[in-house]
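Q: Each chain is listed here by its residues.
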Amino acid sequence: MLLSFQSFSAQVDNSKTSTVKIYGNCGMCESAIEKAGNVKKVATVEWNKDSKIATLTYDSVKTNQDEILRRIALAGYDSEHFFAPDEAYAKLPACCHYERAKAATHKDEAMANSTINKPEAGMHDHSAMTSQDKNQLKAVYEGYFSLKDALIKSDGSAASAKAKDLLAAINAVKMETLKPEEHTVWMKVKEDVTTDAEHITETKEVSHQRDHFTTLSKNMYQLIKVSKNDAPVYYQHCPMYNDGKGADWLSKESAIKNPYYGSQMLSCGKTVETIN
Amino acid sequence: MNRSQRIYKSIVLTVIIALFAVHISYGQKVVRYHLYVKDTMVNFTGKEKRAIAVNGQIPMPTLTFTEGDTAEIYVHNEMKENTSLHWHGVFLPNQEDGVPYLTQMPIEPGETYIYRFPIIQHGTHWYHSHSGLQEQLGMYGSMILNKRANDPTFRKGIDDLPTVPVVLSEWTDYNPNNVERMLHNASDWFAIKKGATQSYSEAIKAGHFKTKVKNEWKRMLAMDVSDVYYDRFLMNGKNQSTLSQLKTGEKVRLRISNGGASTNFWLTYAGGKITVVANDGNDVEPVEVDRLLIAVSETYDLVVSIPAENTAYEFLATPEDRTKSASLYVGSGTKQLISPLPRLKYFEGMKMMNGMMKMNGDLDDMGMNMSLNQMDMNVVMYPEITGEANKKDKGASGDQDEHANHSMPSMEDQYNSNKLSDIVTLNYAMLQSPENTTLPEGPVRELRFELTGNMNRYVWSLDNKVVSEADKILIRKGENVRIIMYNNSMMRHPMHLHGHDFRVLNGKGKNAPLKNIIDIMPMETDTLEFNANVYGDWFFHCHILYHMMSGMGRVIGYENQPKNPLIKNPRSAQRKLFSDDRHFHFMAENDFATNGNDGMLMFQNTRWSLGTEWRLGYNDMHGYETETHIGRYIGKMQWLMPFIGFDWRYRKMGIDEQEENLFGQSNTKDNRTQFSLGVAYTLPMLLILETEVFHDGNVRVQLMREDIPVTKRARMALMINSDKEYMVGLRYILAKNIGLRAHYDSDMGFGVGMNLNY
Ligand SMILES: [Cu+2]
Ligand SMILES: [Cu+2]
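So the sequence lines, in the order shown, correspond to chains A and B.
With the first sequence counted from 1, adding 1 to any position gets you our numbering.
With the second sequence counted from 1, adding 249 to any position gets you our numbering.
One should not assume that every hint holds.
What the hints assert, rightly or not - Below, in silico cross-link-like pairs of lysine to any residue (SDA-like), each with a Cα-Cα straight-line distance of 25 Å or less: (1) LYS41/A with ARG481/B; (2) LYS92/A with PRO589/B; (3) LYS92/A with MET836/B; (4) LYS573/B with ASN39/A; (5) LYS92/A with PRO632/B; (6) LYS92/A with GLU637/B; (7) LYS500/B with PRO86/A; (8) LYS219/A with THR196/A; (9) LYS92/A with TYR784/B; (10) LYS726/B with SER581/B; (11) LYS36/A with VAL21/A; (12) LYS253/A with ASN667/B; (13) LYS573/B with ASP60/A; (14) LYS668/B with LYS41/A; (15) LYS36/A with LYS573/B; (16) LYS53/A with SER588/B; (17) LYS759/B with THR524/B; (18) LYS573/B with THR45/A; (19) LYS459/B with LEU938/B; (20) LYS573/B with TYR90/A; (21) LYS103/A with SER581/B; (22) LYS22/A with LEU382/B; (23) LYS901/B with ASN839/B; (24) LYS17/A with ARG481/B.
Just so you know, these hints were derived from the structure itself, not from any lab.
Values in this document were obtained by computation on a predicted structure and should not be read as measured data.
Bound-form chain A, shown alone (with noise of 0.2 Å):
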């Protein structure tokens, strides 16, 4: 009995056994659970991603299963004892959004909330529809505007989030509904703001974001002129943004913050243009 327990944990001294529930979904959730659990001869964790359960295989004088849950929830992962940071969780890929055991907080609720009700709303009555149908390029510039703030945050990870509902709000246009001067632009520069959409989504890395980011606002800009907006937007312009060549992005906001450089330079630009 002790001799076969020791050759099966060989690599690691005063070698301790427990099994814990770790919540998750998949293959990638697997790799990085472990990943965050191993140290080298010191811990081991293996997690059944059909039963949740991990072993947790470590030297008992040089650490403990705290110690191991505690940096996989730093990972994302929430299990028994560690509850991940909300951050954390939030910045695993899509397929590993397993579901939680802790209440969501209200947060998350409203949220839920808004994308369940939206579809619904005008598939029948059509009042909701033209209403929607104005709608349709408002969300694309709301997609747009979230984006913006993400790349003023310097948040490639949450930009590319961000990129992904403009994508979804920018499928979802019905171009024959659309205004004729609305259309024709839409026509004119569709193909191009998917592109961009998409190599934005594509990466986390703020500086090939910005530069799809570039020609992405100057289309946005040809489209946003010719839709009506209940409020004013603001076309703004950063000098300097690639080698001096300049740049320019849109804002619901006249005061300038930065899309380009972030803090590094926030408030660098001016107002272009005030389109009502």
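Since chain A is already given, all that's left is putting chain B with the ligands on it; use the hints.
A: Then chain B with the ligands, alone, in the frame of chain A:
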């Protein structure tokens, strides 16, 4: 957990004695504690190390009093060395203040010493040893002074909350004396351990090559926000612990003291906002924040709540260098973690320092009026405020300097963390006293201090004078003393005044907050004022232990004050007090190489340097050579060092047969004993230019640089002189005291070997 703190050796017995010994007699309102100070072995990291435990524990026991009590504290010194205890932030007669050789003579081994003083205030305070480096070994503890129940300042919803004293600290497996020595010798071992070497190869990888060159051009060594590498960070002596007796919906008041010797901590909480209700033992109007930095020796009272069922929320203390952390879980159930603070962007910090540093070593605030921690230049290094480091991002960051001529956001806003992000960080301008704190009418005396120092030699001072070089500052009883401090050094310093609280002039008018420590960042100016109301010699010093020991402080005394009866021989006591910063630090190195032995030995203190270098071949042909210099460092930055020297050399026909130097002077190379006068000067790029005249009239000019950080662990050395000698070497650091070295020397040829240093 159970493994984090094991104290052996008859501790159990001491605890039993202590249990009987702490008899608190409420009757006469004298509250008595017995403290048994004893050497002990602890095991925080898997290795047994020496520490000091009081009543068998680290931290020292929490002492609790109520305003109006009389404290009577018996200190039983069961160690083989002297000790003392200072009651930090507590108003008391000068001779109870616990500064050895200043307010009392030290408590000798075997002695029992009684501190006795009335408790005339309330609030969260702490106590620690003021002898040598004992604080680093475990001599810190909480001291809680409660309000009387009928106190008019009693605050419902705050003063009636459950209360938990928490003392923060850090642990190193290195002997603190060795830590101090390594700091003075500019060892970069701590930087290697922290991953903060900031070498050339790392700079290139991060797209910051020019930043690094400019930094060395301005004669700076790589800097970190803190100097020492620690193995563990602790809250009440533990790295992880839980306050499980608290229920959902409840609030708790954490009375936090930073007992760390040299660590500022960030405090964050997973269960929502933190409400600050007191600072340095004084009530403040409650203010809600997301995080705060508690400087060395400060205290903060924080209220946090437990928002959900079956969950314990992580209260996280992260050292400023963000290498590790300590956690306290508030509540019971599954532990909700908070995101750890991301690692610092060191090269952004270096770039910022380059911008602030003038060529003469002074700092340039570029017209920003910085004070009260409102602007934090370090935000450029904080990814959570200024975004992740973008490697080689076009236009952004890196070496490009074109931002300079670009329309910049206002300078102030660039460093104002609360304007740059939605995270609310506490600063001193947000603290307001609930009471009117105006000083009584009286004459005003103004004292100005410039905080000075240099990292390369680890000398820290006020107005470029250390304690032993300055006179006592005399003030007069009854007057109001106003202190204006400007930090012209590259590090932040928590300045602490004994025996008095001061008002911090922070824009809150009559309600300026009262404090006894103020953490002052580089380039900041802060103004404090206090009423001189208690006779005595009071220490005013930086509370970073290793800064204080290097002499960053002053003694403030009163004119015509009565003599302290405890100091029988003031002269010899003063000499002892001054010996802390006069003390010489020893350093030695030898390279055991195939072509000979290369080494040096050095004794240095604040101003003096005595060093010997040798090159010893294995045969007469390679020769033997030693050089000894005794020099004195001049100026604040200590770039200039005149010295007298003594050289001895013996050789039977070298490989290099050069007999004339560059100046055409002939050289008695093969058998030579010479005295010399010279001067060494540190040039930009940290090159040392040494010019030396020997007693036979020969002149030698030499240029050299050691320890060029090529990679994390590789260091290059260069030397060339007018005797047409030269040397190139490369050293790889294997461990704290061991390296591998390869070098080529014009006298001794090529060699590889093992480098040992101490
Ligand atoms: Cu203190
Ligand atoms: Cu200091």
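Q: So, for every hint listed, does it hold in this structure?
A: Evaluated hints:
1. LYS41/A with ARG481/B: At roughly 20 Å apart (the allowed maximum being 25 Å), ARG481/B and LYS41/A satisfy the hint.
2. LYS92/A with PRO589/B: 14 Å, holds
3. LYS92/A with MET836/B: 49 Å, violated
4. LYS573/B with ASN39/A: Cα-Cα ~18 Å, so holds.
5. LYS92/A with PRO632/B: Since the Cα atoms of LYS92/A and PRO632/B sit roughly 16 Å apart, the hinted pair holds (cutoff 25 Å).
6. LYS92/A with GLU637/B: Judged against 25 Å, a Cα distance of about 14 Å means the pair holds.
7. LYS500/B with PRO86/A: Given pair LYS500/B, PRO86/A holds - Cα atoms ~21 Å apart, limit 25 Å.
8. LYS219/A with THR196/A: Given that 25 Å is the threshold and the Cα spacing comes to 14 Å, the pair holds.
9. LYS92/A with TYR784/B: 60 Å, violated
10. LYS726/B with SER581/B: Judged against 25 Å, a Cα distance of about 53 Å means the pair is violated.
11. LYS36/A with VAL21/A: 16 Å, holds
12. LYS253/A with ASN667/B: With Cα atoms ~22 Å apart, LYS253/A and ASN667/B stay inside 25 Å; holds.
13. LYS573/B with ASP60/A: 21 Å, holds
14. LYS668/B with LYS41/A: 43 Å, violated
15. LYS36/A with LYS573/B: 19 Å, holds
16. LYS53/A with SER588/B: Holds, because 24 Å separates the two Cα atoms, which is no more than 25 Å.
17. LYS759/B with THR524/B: 22 Å, holds
18. LYS573/B with THR45/A: 22 Å, holds
19. LYS459/B with LEU938/B: Answer holds: LYS459/B to LEU938/B is near 23 Å, not above 25 Å.
20. LYS573/B with TYR90/A: Measuring from Cα to Cα gives roughly 21 Å; hence the hint holds.
21. LYS103/A with SER581/B: Roughly 14 Å separates the two Cα atoms, so the pair holds.
22. LYS22/A with LEU382/B: Judged against 25 Å, a Cα distance of about 46 Å means the pair is violated.
23. LYS901/B with ASN839/B: 23 Å, holds
24. LYS17/A with ARG481/B: Holds. LYS17/A to ARG481/B sits at ~24 Å (cutoff 25 Å).
When the structure is compared with the earlier hints, violations turn up for hints 3, 9, 10, 14, 22 and for no others.
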